[in-house]
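Engineer: Here are the chains, one letter per residue:
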Amino acid sequence: MYSEKVMDHFENPRNVGKLDDANAIGEVGNAVCGDIMKIYMKIENGIIEDVSFKTFGCGAAIATSSMATELVKGKTIEEALKLTNKAVMEALDGLPPAKVHCSVLAEEAIHAALKDYSEKTGIEIDLPETKQKFDCASFHKAQSETDA
Amino acid sequence: MAVYLDNNATTSIKPEVCDAMMPYLTDIWGNASSVFYSVGQKAESELQKLRESVAKNIGAKNANEIYFTASGCEADNWAIKGFAFANKRKGNHIITTKIEHHAILGACEFLEKHGFNVTYLDVDEVGYVTPEAVEAAITDNTILISVMTANNEIGTIEPIKEIAEVAKKHKITFHTDAVQAIGHIKIDVSELGVDMLSLSAHKFHGPKGVGMLYIKNGTRIDNLIHGGGQERGKRAATENLAGIAGLSKALDIAVSDIDKNIAHMKKMRDKLITGLRDRIDYIKLNGPDDERRLCNNVNFSYEFVEGEAILMRLNMKDICASSGSACASGSLDPSHVLLAIGVPHEIAHGSIRFSVSEDTTDEEIDYVLDVMPKIIDGLRAMSPMYEAFEDGKLESFTKKYMEGR
Chain B
1029 MYSEKVMDHF ENPRNVGKLD DANAIGEVGN AVCGDIMKIY MKIENGIIED
1079 VSFKTFGCGA AIATSSMATE LVKGKTIEEA LKLTNKAVME ALDGLPPAKV
1129 HCSVLAEEAI HAALKDYSEK TGIEIDLPET KQKFDCASFH KAQSETDA
Chain D
2 MAVYLDNNAT TSIKPEVCDA MMPYLTDIWG NASSVFYSVG QKAESELQKL
52 RESVAKNIGA KNANEIYFTA SGCEADNWAI KGFAFANKRK GNHIITTKIE
102 HHAILGACEF LEKHGFNVTY LDVDEVGYVT PEAVEAAITD NTILISVMTA
152 NNEIGTIEPI KEIAEVAKKH KITFHTDAVQ AIGHIKIDVS ELGVDMLSLS
202 AHKFHGPKGV GMLYIKNGTR IDNLIHGGGQ ERGKRAATEN LAGIAGLSKA
252 LDIAVSDIDK NIAHMKKMRD KLITGLRDRI DYIKLNGPDD ERRLCNNVNF
302 SYEFVEGEAI LMRLNMKDIC ASSGSACASG SLDPSHVLLA IGVPHEIAHG
352 SIRFSVSEDT TDEEIDYVLD VMPKIIDGLR AMSPMYEAFE DGKLESFTKK
402 YMEGR
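Same order as they appear, the protein sequences are chains B and D. For the first sequence, our numbering assigns the number 1029 to the initial residue and increments by one for each residue that follows. For the second sequence, our numbering assigns the number 2 to the initial residue and increments by one for each residue that follows.
Okay, chain D solo, but in the shape it has when bound (with noise of 0.2 Å):
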């Protein structure tokens, strides 16, 4: 059997949420707006419940700012888009970080083509963002901050709640990129201070295909999809109630479950980033070693060797991770999370992270520290810079990361 170690990439459906779903794809099949039948009203009494679950769950006042997407990357698109547009009589300038997910940093080059300015914000050498480098970029013009409340590639956990509070300070809206971190760290909206927040159901065991946006009351937002009067006008299309309730379930297992997951993640990340280290040398953890880190991530980079080959090996053993090298992402460049945060061109192409979940055990981490060793050894004896290393001719960049080990 695989062993799954890519849950930041996505993650497994778990029964009882595909048994909550099953009777929205038999039974209660009605469209949640037909509400002049039975069947709809059905559908749409259903799906009320649904959204006060939800709501319940992430610490929103009222259901009726859970807004229903069809993924995180939807939210991500609909808060920055939708808030510029909206809000552009009070100003065009948004500040985002530099290791944002996609959805948000290809929605503001979108925005910039608009007549609107993006400042992305700098991050340290493990990918974090001060409020203090937040409130020195406002200025006169800023109607929208977005910062994301954990990293998807090196696990950094941003201050949401103190970024959140210079927003509010400055009477500028806030939005988080929470797909990450839902399962991974307590999220309350209220408590956090936040404006909107994107979540995305299959990143917590919950199905593809659907996410969400919270907006709170009185936050101005265009739609980004038009047509019918769905999601109180602001969000056209026939509600996806089987996704909607698998998202719920998940959620609500998500959230009940989180103190014991955490802990078993932690000790699942702490034993596989210390195996690691013991039994390799010349490698770098991407990302903080501290409690600024995300339960579930591990990111090394391995010097010397390129991370498609690592993958491609450990896929030979049946161990599923993931890369940031340009190779494994089909582009010139490396991950630019990685390069944000310092690390050089040659050693990002060496990176790999796995990602556990509440479900991975200590045989797993065990195999993969015993094949992971292996896989280096073999692809450094192959690789042509190791022997520059070995010969001399080539410094290390990750030596000062093993002193004091």
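Same shape as in the complex, but just chain B (with noise of 0.2 Å):
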């Protein structure tokens, strides 16, 4: 069901664990739903010196999550700001439909992260629009109320 990439980077995941010197974390997900992103940066001059994530989730979460470090690693805020869900899906040579949330995950906590940086800072930040994504969050609880 995953690709051999996936797989990859489900089994060997880079850059995990919590970054000690981070100067930018962001964090997205719900428990209740099964996924939280983690992501952690070392920001200097502009550029992503260094990123970590943890993350609480399925094969696909860890795997999205380690490709989604990789592709920032190295860059600067402007390139890290432009990757898509899609790209982080691309270099993971694809992800079934029903985990296609996950790679969304991946470019949230991206975006989390360096608007964490941006408010420590003050350093300005044309962030993205957030896109309406499926959100998980909002459907158990209209879910729990329609059952109340």
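Because the hints were derived from the structure by calculation, they are not lab data. The beta carbon of each residue, even a glycine, is placed where N, CA and C say it ideally should be. Misleading hints may appear alongside valid ones.
Below, simulated BS3-like cross-link-like pairs (lysine-lysine); rule was C-alpha separation at most 25 Å, straight line [as the list claims (entries may be wrong)]:
| # | chain 1 | residue 1 | chain 2 | residue 2 |
| --- | --- | --- | --- | --- |
| 1 | D | K57 | D | K318 |
| 2 | B | K1033 | D | K375 |
| 3 | D | K375 | B | K1070 |
What follows is a set of in silico ranges between Cβ atoms, one per label pair, in the way DEER data are often shown [stated by the list, open to error]:
| # | chain 1 | residue 1 | chain 2 | residue 2 | range |
| --- | --- | --- | --- | --- | --- |
| 4 | B | K1033 | D | S257 | 49 to 55 Å |
| 5 | B | E1039 | D | V36 | 23 to 29 Å |
| 6 | B | S1031 | D | D223 | 45 to 51 Å |
| 7 | B | G1122 | D | A264 | 36 to 42 Å |
| 8 | D | I186 | B | M1029 | 31 to 37 Å |
With the Cβ distance kept under 10 Å, some of the chain B side facing chain D (calculated, not the full set) [claimed, not checked]:
| # | residue |
| --- | --- |
| 9 | D1048 |
| 10 | L1099 |
| 11 | K1101 |
| 12 | A1126 |
Since each chain sits alone in its own frame, please combine them into the complex, following the hints.
Structural biologist: Here it is in structure tokens:
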């Protein structure tokens, strides 16, 4: 069901763990939905010098986190902002339809870390508008309301 | 070689079962309904013998109460829909539980679109349904009660005999889905007092594609499959003689070896449960921790990690298991059974079921006990939830299940 690249990034995830000298941290997702991604970055002179991740989630969530960190490592903030979920998917040779949201989460986690950096440093970053994606948390909220 | 611990999903075909099927794929290929020539007559007389053997092995009084189907799923669908439509003049209310297999739940949801009302009973924190709760749900319109003999995910054995007594007292028909029970619990339909019972051959080392519905004589039921006059006109389709022979042989073995098998499976199950508890913190056993647990089922939630990732890591070590996480099932919600016993979503996502068989060895359990803690440690090391827990920012849900151990 998964491509060889996804399996490789799941079996040997790159850049795992907490980055102790991170100056930008982004966390997205929701435990209720089954995936949380946390990205740590060390940014200097507009360049992402180092990056790492921690992810609670399925195989695809771990693989997309790993690939997303690889794709932004050593890049400028502007370049990282251009990273799309589609690019993460392509780099992994695709994802099953039910797992596309994992790549969306990876894109959002990168953006969240950059937003955190902007807020901490006052450096203005032109964050792209959040695309309206499927949102598991609001699905569950709506669900619990209709169940009640 | 793979360590196969997913026997609640399916089982391997025993060589004796395969041997018993072969004659019906070679020499005895006639149509059991074509009784005007010897080729068909031979098939028909073989079918009758197989039916009698199955009847005897489940304690049915008559062989004509055995109806072969193409699956346990079909047997469940037939019992629910066939009975409901045949008896709708008597009432339109059905009682079942929240932890049934989707074959039952799906059939009930379908009936709700066709004028029937269904009560889905709550279960307790280990998945147990009480006869009192069943009785309290009965109304003047209740025509059918369906409660599974044992749950496929968390292994809860339900009080079927007592529920059957309640049903009998109120003159309501009682069906039980015994798909997971055969080979794991002694089943005698007469002693249990059930009116209908479903089973599926591939759950007890028989072939896939064949199941059975026991229908006690005198039970009114409509056809699910219309067509020819097979199965006393109640279930059309040319009989799958090879499959039926496989079911019959597998049942024969399961019934004759049951005491020995249960003892072995319980030993393997308990070794796994105790071993996992000793080696891994922050886990919760789902389902009963006593005699009400199916002899082959082990289901734990591992906090701070997700089930599909665990399954994939297990697969890297050649261990086959299953998960109740939403990701593993391809849906948005984790297992309906885990949610019904009150396991929160985030904990349900991290659940893994191991199900042993009579062929499971001590060495296989030892191997799993060696591998599993490393997998959980590895995934927790990359889990932001575990980090939050270690930093004191997140309370553990499973902590209370570790106390006193």
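Engineer: Can the suggested window of 31 to 37 Å be confirmed for the beta-carbon pair D/I186 and B/M1029?
Structural biologist: The hinted range 31 to 37 Å holds for D/I186 and B/M1029, with Cβ atoms some 34 Å apart.
Engineer: Given B/K1101 was flagged as interface, is its beta-carbon under 10 Å from a beta-carbon of chain D?
Structural biologist: Given a least distance of 17 Å, the restraint on B/K1101 is violated.
Engineer: Range hint 49 to 55 Å: satisfied by the CB atoms of B/K1033 and D/S257?
Structural biologist: holds (51 Å)
Engineer: When you check the alpha-carbon spacing of D/K375 and B/K1070, does it fall within 25 Å?
Structural biologist: violated (30 Å)
Engineer: Check the following: the C-beta atoms of B/E1039 and D/V36 are separated by a distance inside 23 to 29 Å.
Structural biologist: violated (59 Å)
Engineer: Is the interface hint for B/A1126 satisfied, with its Cβ closer than 10 Å to some Cβ of chain D?
Structural biologist: holds (5 Å)
Engineer: Please verify whether D/K57 and D/K318 have alpha carbons no more than 25 Å apart.
Structural biologist: With a Cα-Cα distance of about 42 Å, the restraint between D/K57 and D/K318 is violated, given a limit of 25 Å.
Engineer: Holds or violated: B/K1033 and D/K375, Cα atoms, limit 25 Å.
Structural biologist: holds (23 Å)
Engineer: Should the interface hint for B/D1048 be scored as holding, given a Cβ-Cβ cut-off of 10 Å against chain D?
Structural biologist: Violated. Min distance 12 Å.
Engineer: Can B/L1099 be said to touch chain D, with a Cβ gap under 10 Å?
Structural biologist: violated (18 Å)
Engineer: Does the hinted range 36 to 42 Å hold for B/G1122 and D/A264 at CB?
Structural biologist: violated (49 Å)
Engineer: Mind checking the hinted window 45 to 51 Å against the Cβ distance between B/S1031 and D/D223?
Structural biologist: Given a distance of about 48 Å, which is inside 45 to 51 Å, the answer is holds.
The structure is inconsistent with the numbered hints 1, 3, 5, 7, 9, 10, 11, although it conforms to all the rest.
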